[in-house]
Amino acid sequence: MKRRNRWIYAGLIPFIFMIAAFQIAPILSMLTGSVARENGPGITFGFYAQVLQSSYYLKAITNSLLISIISSAIAIVIGLVCAYSITRFSPKIRDLLLTISNMTSNFAGVPLAFAYIILLGSNGVFTLLFKQWGWDVFQNFNLFSWSGLILVYVYFQVPLALLLLYPSFFGIREQWREAAALLGAGKWKFWSTIGLPVLTPAIFGTLGILFANAMGAYATAYALVGGNYNLLAVRIGSLVAGNVINQPQLGNVLAVVLAASTLLAVYLNHKMTQRSRMFNGAPSSEPVRAHKRRSWLRPAAPASAKEELS
Amino acid sequence: MIGQAKKAGWVNRSLMIALMCYLLLPLLATLIYAFAKEWQATVLPERWTLEWFSQMFSDARFIDALWTSLYLCAISVALSLAVMLPAVFIITVYLPKWETFMKGVVVLPYAVPGVVAAVGLIRAYSSGPVSIAGTPYILIGAYFIVILPYMYQGIRNSLLTVSAVDLLNSAELLGASRTRAFANVVLPNIWPGVMISTLLSFSVLFGEFVLTNMLVGGHIHTIQIYLYQRLGESGHLASAIVISYFVFILALSLILMKLTQKMNRGIQG
Amino acid sequence: MSAYLELQAIRKQYGHTNVLNDINLQIREGELVTLLGPSGCGKSTLLRCIAGLADIDGGKIILDNKDIVNVPPRSREIGMVFQSYGLFPNMTVSENIQYGMKMRGASKEERRKRSEELLAVIDMEDKRNAYPQQLSGGQQQRVALARSLAVQPKVLLLDEPLSALDAKIRKSLRTEIREIQKRFQMTTIFVTHDQEEAFIVSDRVCLMNKGSIVQEGSPEELYTRPKTEFVARFMGSYNVLTKSEALRLFGQVENQADSFAIRPESVALLGGEDRQSALKAGKQIVDGSIESVSILGSIIRYAVNAADVRLTIDVLNDGRPLRQTEVGGISLALDRSQLLPLEKEGA
Numbered sequence: 001m002k003r004r005n006r007w008i009y010a011g012l013i014p015f016i017f018m019i020a021a022f023q024i025a026p027i028l029s030m031l032t033g034s035v036a037r038e039n040g041p042g043i044t045f046g047f048y049a050q051v052l053q054s055s056y057y058l059k060a061i062t063n064s065l066l067i068s069i070i071s072s073a074i075a076i077v078i079g080l081v082c083a084y085s086i087t088r089f090s091p092k093i094r095d096l097l098l099t100i101s102n103m104t105s106n107f108a109g110v111p112l113a114f115a116y117i118i119l120l121g122s123n124g125v126f127t128l129l130f131k132q133w134g135w136d137v138f139q140n141f142n143l144f145s146w147s148g149l150i151l152v153y154v155y156f157q158v159p160l161a162l163l164l165l166y167p168s169f170f171g172i173r174e175q176w177r178e179a180a181a182l183l184g185a186g187k188w189k190f191w192s193t194i195g196l197p198v199l200t201p202a203i204f205g206t207l208g209i210l211f212a213n214a215m216g217a218y219a220t221a222y223a224l225v226g227g228n229y230n231l232l233a234v235r236i237g238s239l240v241a242g243n244v245i246n247q248p249q250l251g252n253v254l255a256v257v258l259a260a261s262t263l264l265a266v267y268l269n270h271k272m273t274q275r276s277r278m279f280n281g282a283p284s285s286e287p288v289r290a291h292k293r294r295s296w297l298r299p300a301a302p303a304s305a306k307e308e309l310s
Numbered sequence: 001m002i003g004q005a006k007k008a009g010w011v012n013r014s015l016m017i018a019l020m021c022y023l024l025l026p027l028l029a030t031l032i033y034a035f036a037k038e039w040q041a042t043v044l045p046e047r048w049t050l051e052w053f054s055q056m057f058s059d060a061r062f063i064d065a066l067w068t069s070l071y072l073c074a075i076s077v078a079l080s081l082a083v084m085l086p087a088v089f090i091i092t093v094y095l096p097k098w099e100t101f102m103k104g105v106v107v108l109p110y111a112v113p114g115v116v117a118a119v120g121l122i123r124a125y126s127s128g129p130v131s132i133a134g135t136p137y138i139l140i141g142a143y144f145i146v147i148l149p150y151m152y153q154g155i156r157n158s159l160l161t162v163s164a165v166d167l168l169n170s171a172e173l174l175g176a177s178r179t180r181a182f183a184n185v186v187l188p189n190i191w192p193g194v195m196i197s198t199l200l201s202f203s204v205l206f207g208e209f210v211l212t213n214m215l216v217g218g219h220i221h222t223i224q225i226y227l228y229q230r231l232g233e234s235g236h237l238a239s240a241i242v243i244s245y246f247v248f249i250l251a252l253s254l255i256l257m258k259l260t261q262k263m264n265r266g267i268q269g
Numbered sequence: 001m002s003a004y005l006e007l008q009a010i011r012k013q014y015g016h017t018n019v020l021n022d023i024n025l026q027i028r029e030g031e032l033v034t035l036l037g038p039s040g041c042g043k044s045t046l047l048r049c050i051a052g053l054a055d056i057d058g059g060k061i062i063l064d065n066k067d068i069v070n071v072p073p074r075s076r077e078i079g080m081v082f083q084s085y086g087l088f089p090n091m092t093v094s095e096n097i098q099y100g101m102k103m104r105g106a107s108k109e110e111r112r113k114r115s116e117e118l119l120a121v122i123d124m125e126d127k128r129n130a131y132p133q134q135l136s137g138g139q140q141q142r143v144a145l146a147r148s149l150a151v152q153p154k155v156l157l158l159d160e161p162l163s164a165l166d167a168k169i170r171k172s173l174r175t176e177i178r179e180i181q182k183r184f185q186m187t188t189i190f191v192t193h194d195q196e197e198a199f200i201v202s203d204r205v206c207l208m209n210k211g212s213i214v215q216e217g218s219p220e221e222l223y224t225r226p227k228t229e230f231v232a233r234f235m236g237s238y239n240v241l242t243k244s245e246a247l248r249l250f251g252q253v254e255n256q257a258d259s260f261a262i263r264p265e266s267v268a269l270l271g272g273e274d275r276q277s278a279l280k281a282g283k284q285i286v287d288g289s290i291e292s293v294s295i296l297g298s299i300i301r302y303a304v305n306a307a308d309v310r311l312t313i314d315v316l317n318d319g320r321p322l323r324q325t326e327v328g329g330i331s332l333a334l335d336r337s338q339l340l341p342l343e344k345e346g347a
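Chains as they are written, first to last, in the numbering used here: chain B, 1 to 310; chain Y, 1 to 269; chain W, 1 to 347.
I should point out that these hints are in silico values taken from the structure, not numbers from a laboratory.
One thing to keep in mind: the hints can contain errors.
[Said to hold, decoys possible] Straight-line Cα separation of at most 25 Å, PhoX-like style, residue types lysine-lysine; simulated pairs: (1) W:Lys-182 to W:Lys-154; (2) W:Lys-127 to W:Lys-168; (3) B:Lys-189 to W:Lys-154; (4) B:Lys-92 to Y:Lys-258; (5) W:Lys-154 to W:Lys-168; (6) W:Lys-102 to B:Lys-189; (7) Y:Lys-37 to B:Lys-131; (8) W:Lys-210 to W:Lys-127; (9) W:Lys-108 to B:Lys-189; (10) W:Lys-154 to W:Lys-102; (11) W:Lys-102 to W:Lys-227; (12) W:Lys-102 to B:Lys-187; (13) W:Lys-168 to B:Lys-187; (14) W:Lys-227 to W:Lys-210; (15) W:Lys-66 to W:Lys-168; (16) W:Lys-66 to W:Lys-108; (17) W:Lys-113 to B:Lys-189; (18) B:Lys-92 to Y:Lys-103; (19) W:Lys-66 to W:Lys-113; (20) Y:Lys-97 to B:Lys-271; (21) B:Lys-271 to Y:Lys-262; (22) W:Lys-344 to W:Lys-243; (23) W:Lys-127 to B:Lys-187; (24) W:Lys-227 to W:Lys-243; (25) W:Lys-210 to W:Lys-60.
[Unchecked claim] Over 10 Å on every C-beta distance to chain B, these chain Y residues come out as not near it, computed from the model: (26) Trp-39; (27) Lys-97; (28) Ser-163; (29) Ser-170; (30) Ala-176; (31) Tyr-245; (32) Phe-246.
Backbone N, C-alpha and C define an ideal beta-carbon position, used for all residues, glycine too.
Could you build the full structure based on these sequences and the hints that come with them?
Right, here's the structure in full:
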């Protein structure tokens with residue numbers, strides 16, 4: 001028995017090798033790189049200090065944080081309302097709406113930036129149309145600026161928020177609503193005292209994923225504003241030109257800062273998932289079971305997150 | 001709270017119509033742009049053409065990029081299957097204690113954005129004993145990590161849904177060797193689920209831009225890199241590329257959906 | 001005896017199927033009435049209609065002299081306890097209990113006092129700050145009960161409140177529910193598919209089938225005088241006989257019914273010496289053979305074949321040795337007065 005088992009564990013070797021080589025090693029290398037001296041051995045935090053003292057890099061960090069927070073906050077509100085709205089339709093329409101959302105969540109990065117350039121770029125269809133019609137609401141709008149970036153970020157965050165929040169609505173049991181109604185609570189009272197509190201962990205968890213998604217988003221911003229807009233991910237990218245790092249230590253430091261923020265956000269998501277499991281730990285009834293079956297393709301939801309993360 | 005079919009009120013309907021417009025508008029615009037001779041300052045273009053598509057397909061660089069993408073994605077997914085199938089099987093069946101550790105490993109690609117991974121990879125492999133920076137090898141390695149979560153979850157869920165341990169035990173009691181039991185009993189049963197993760201991984205890799213651009217952007221042109229390069233040249237051509245790319249992804253997701261439905265029916269029935 | 005809650009000709013349809021056909025029911029104040037029936041008979045639907053959680057297609061619901069059909073659930077002053085508890089997971093036990101009072105704008109002090117009272121009634125004072133998911137099923141259901149009682153509803157509806165619990169807790173909780181109901185003089189409708197449960201808790205039982213009330217009465221009436229074959233079969237081990245089977249056993253029957261029922265405990269298994277006295281008492285004696293024996297605790301249940309009719313016979317387990325299947329010929333004493341003619345279904 002023992003010997004047979006040992007032979008079986010050999011099947012793990014390629015897996016461990018791949019993880020070590022392409023997941024662990026790069027992270028370690030980045031960490032050591034961020035504290036290594038330029039020439040010679042020893043540890044230095046000089047590059048961290050350099051980043052923290054440079055208003056240029058600090059601006060990149062705050063810009064990234066701001067755009068991530070704002071786009072996540074907007075997306076979570078839209079996602080929450082829309083996810084609830086979807087639950088009010090018949091299963092067939094529900095599936096259709098979800099499929100479309102899922103499809104558009106694949107629409108990210110370079111193609112998405114491009115589509116927005118067609119619509120709202122300086123020669124974009126809407127830009128010209130609005131000019132012709134004399135609508136000056138969009139006079140001052142510039143796709144390649146802060147507001148443009150927010151618009152595009154919100155676009156790829158909404159379907160993600162919606163897909164991540166949607167299953168948690170199934171955790172709200174019809175009976176809670178009925179019990180609350182019989183106890184005298186109206187629709188608003190129900191949502192403010194029971195519905196939203198129950199959803200809170202899911203909302204914060206999703207916020208974590210959205211935040212990480214926006215922090216790491218590179219392709220969209222890169223294709224839209226190139227190096228012109230000062231974002232952390234874009235900054236890191238520009239320090240890495242064609243597989244050579246121009247200022248390797250600085251790139252490493254910025255990468256560590258970015259990774260720290262996304263790790264923190266994903267950790268928040270993890271904690272919140274545990275919390276919401278507590279709420280749904282009550283004896284199961286129909287809706288919960290339905291939700292479990294649905295979660296079969298659960299990885300598909302964060303899958304779209306990855307679309308931008310990578 | 002979701003059970004019987006409900007009649008959605010007008011508020012919900014108009015909200016969903018607005019959402020769908022918002023989500024589909026950019027896609028629609030790209031679609032129209034790809035078929036428009038020119039499109040300026042009118043609601044719809046005045047003349048239509050297939051010129052951009054024919055231009056695209058006659059561009060040798062496009063065909064090259066398409067092949068490069070298919071080729072790289074196929075190799076990465078195949079490698080992942082070969083490595084992950086036995087590994088996930090062994091962990092799920094024989095080493096359930098490792099699952100906590102695996103959860104961490106699997107969540108890491110989510111938490112470490114592509115730009116960060118690229119920086120680490122370049123530093124680790126640009127010099128020293130293994131100098132593979134800028135080669136397809138480093139990209140395939142990076143792709144392996146990108147699709148790790150999907151592969152792991154997909155294979156693991158399939159193993160759990162078909163209760164692989166019971167299957168394996170009964171096959172062994174009936175006299176099959178362990179390897180044979182795996183090949184004859186477990187594998188055919190988890191195959192639909194594995195197919196889903198494979199297709200999903202494929203479509204994820206097909207849309208990968210960050211790692212590709214940063215790791216090998218200069219030498220290897222995948223479809224995404226090609227698209228990026230053509231953006232500046234001709235908008236119409238670029239839309240044709242986007243649309244073709246999207247049709248491909250759409251076809252993949254449709255197959256995925258059908259497979260999932262089939263699987264779910266299998267589980268229910 | 002005026003009705004406190006009165007249902008008049010309640011109808012409900014899903015598409016073309018009638019789920020409730022002209023239900024009429026009167027309930028006195030403080031009475032506990034059980035809706036009993038197999039799953040899908042419409043009992044839970046009826047309950048949801050009374051609560052206002054489902055709409056009705058016709059009829060009136062009169063509570064305390066007011067028609068409440070058009071009153072929304074939250075103003076009906078009706079409490080309800082669900083099969084799966086339905087406690088709010090984000091609130092503690094005492095917050096759950098106070099919820100309804102809070103919605104009605106009761107003061108904090110009033111709420112606290114009432115919830116402490118009820119916590120004492122359900123004997124869960126030490127769990128006041130626990131969250132529902134930290135409680136057992138039985139505890140959760142007691143909290144749900146307290147939560148509905150807190151607002152002093154006019155009627156309490158219990159929708160299979162014990163079905164999700166295991167057998168032991170089910171037994172203790174049903175007596176507890178009955179005690180609390182009596183103590184508060186709470187007008188209550190209890191829905192269950194379990195005949196034993198219905199008989200133990202209720203003042204009155206309504207047996208439902210296919211959207212109609214087929215028989216209504218005290219537990220005793222229902223058990224001793226089932227009107228139709230459905231009722232007889234639902235009561236448990238009743239022997240239901242066709243006319244020809246009844247004729248074979250009794251020789252002749254006066255009633256012109258098509259089917260008959262006879263209770264398993266009204267048939268006696270005779271020892272040799274009993275035969276004469278049974279004959280003297282005017283009983284019908286039939287010979288038969290035992291096919292199987294099973295012990296149900298205080299009762300021994302025999303499956304007997306007599307005159308080609310398969311009968312179930314219950315005998316008190318009084319310590320006398322069991323009769324075995326191998327021992328073939330036995331005699332049965334049948335009491336003609338215990339043979340109940342049954343009406344046709346739907347008659």
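To see whether the hints hold, each was checked on the structure:
Annotation: proposed proximity of W:Lys-182 to W:Lys-154 holds, straight-line Cα distance about 14 Å (limit 25 Å). The hinted pair formed by W:Lys-127 and W:Lys-168 meets the criterion: a straight-line CA distance of about 21 Å does not exceed 25 Å. A threshold of 25 Å between alpha carbons decides the hint, and for B:Lys-189 with W:Lys-154 the separation of about 23 Å falls inside it, so the pair holds. For a cut-off of 25 Å, the pair hint linking B:Lys-92 to Y:Lys-258 stands: about 14 Å separates their Cα positions.
A C-alpha spacing of about 30 Å is found between W:Lys-154 and W:Lys-168, which places the hinted pair above 25 Å, so the restraint is violated. Straight-line distance between C-alpha atoms of W:Lys-102 and B:Lys-189 comes to about 11 Å, which keeps the hinted pair within the 25 Å bound. Taking the CA atoms of Y:Lys-37 and B:Lys-131, the gap is about 21 Å. The hint holds against a cut of 25 Å. Restraint check for W:Lys-210 and W:Lys-127: the C-alpha separation of about 42 Å exceeds 25 Å, so the hint is violated.
Using a Cα cut-off of 25 Å, the hinted pair W:Lys-108 and B:Lys-189 holds, with the two alpha carbons roughly 18 Å apart. For the proposed pair W:Lys-154 and W:Lys-102, the alpha carbon gap of about 18 Å is at most 25 Å, so the pair holds. Our distance criterion of 25 Å between C-alpha atoms is broken by W:Lys-102 and W:Lys-227, whose separation comes to about 48 Å. About 15 Å separates the Cα atoms of W:Lys-102 and B:Lys-187, which keeps this hinted pair within 25 Å; it holds.
The suggested pairing of W:Lys-168 with B:Lys-187 is violated, with an alpha-carbon distance near 38 Å, which exceeds 25 Å. The suggested pairing of W:Lys-227 with W:Lys-210 holds, with an alpha-carbon distance near 16 Å, which does not exceed 25 Å. The hinted pair formed by W:Lys-66 and W:Lys-168 fails the criterion: a straight-line CA distance of about 40 Å is larger than 25 Å. At most 25 Å may separate the alpha-carbon atoms for a hinted pair to count; W:Lys-66 and W:Lys-108 exceed this at roughly 31 Å.
The hinted pair formed by W:Lys-113 and B:Lys-189 meets the criterion: a straight-line CA distance of about 23 Å does not exceed 25 Å. For the given pair, B:Lys-92 sits about 34 Å from Y:Lys-103 by alpha-carbon distance, which is inconsistent with the 25 Å threshold. Taking the CA atoms of W:Lys-66 and W:Lys-113, the gap is near 31 Å; set against the 25 Å cutoff, the hint is violated. Annotation: proposed proximity of Y:Lys-97 to B:Lys-271 holds, straight-line Cα distance about 21 Å (limit 25 Å).
For the suggested pair B:Lys-271 and Y:Lys-262, the alpha carbons sit about 34 Å apart, so the restraint of at most 25 Å is broken. The suggested pairing of W:Lys-344 with W:Lys-243 holds, with an alpha-carbon distance near 13 Å, which does not exceed 25 Å. About 29 Å separates the Cα atoms of W:Lys-127 and B:Lys-187, which puts this hinted pair outside 25 Å; it is violated. The suggested pairing of W:Lys-227 with W:Lys-243 holds, with an alpha-carbon distance near 16 Å, which does not exceed 25 Å.
Between W:Lys-210 and W:Lys-60 the CA atoms are separated by roughly 20 Å; this keeps the pair inside 25 Å, and the hint holds. Residue-level check failed: Y:Trp-39 sits 6 Å from the nearest beta carbon of chain B, not beyond 10 Å. In this structure Y:Lys-97 is separated from chain B by more than 10 Å, as the shortest Cβ-Cβ distance comes to about 13 Å. With a minimum CB-CB distance of about 15 Å to chain B, Y:Ser-163 clears the 10 Å threshold, and the non-interface call stands.
Consistency note on Y:Ser-170: stated as away from chain B, and its beta-carbon is indeed over 10 Å from all of that chain's, at 18 Å minimum. The beta carbon of Y:Ala-176 sits about 14 Å from the closest Cβ of chain B, which is more than 10 Å, so the claim that it is off the interface holds. At roughly 7 Å, the least C-beta separation between Y:Tyr-245 and chain B is not larger than 10 Å, which violates its mark as non-interface. The claim that Y:Phe-246 is not at the interface with chain B is violated, since a C-beta of that chain comes within 10 Å of its own (minimum 7 Å).
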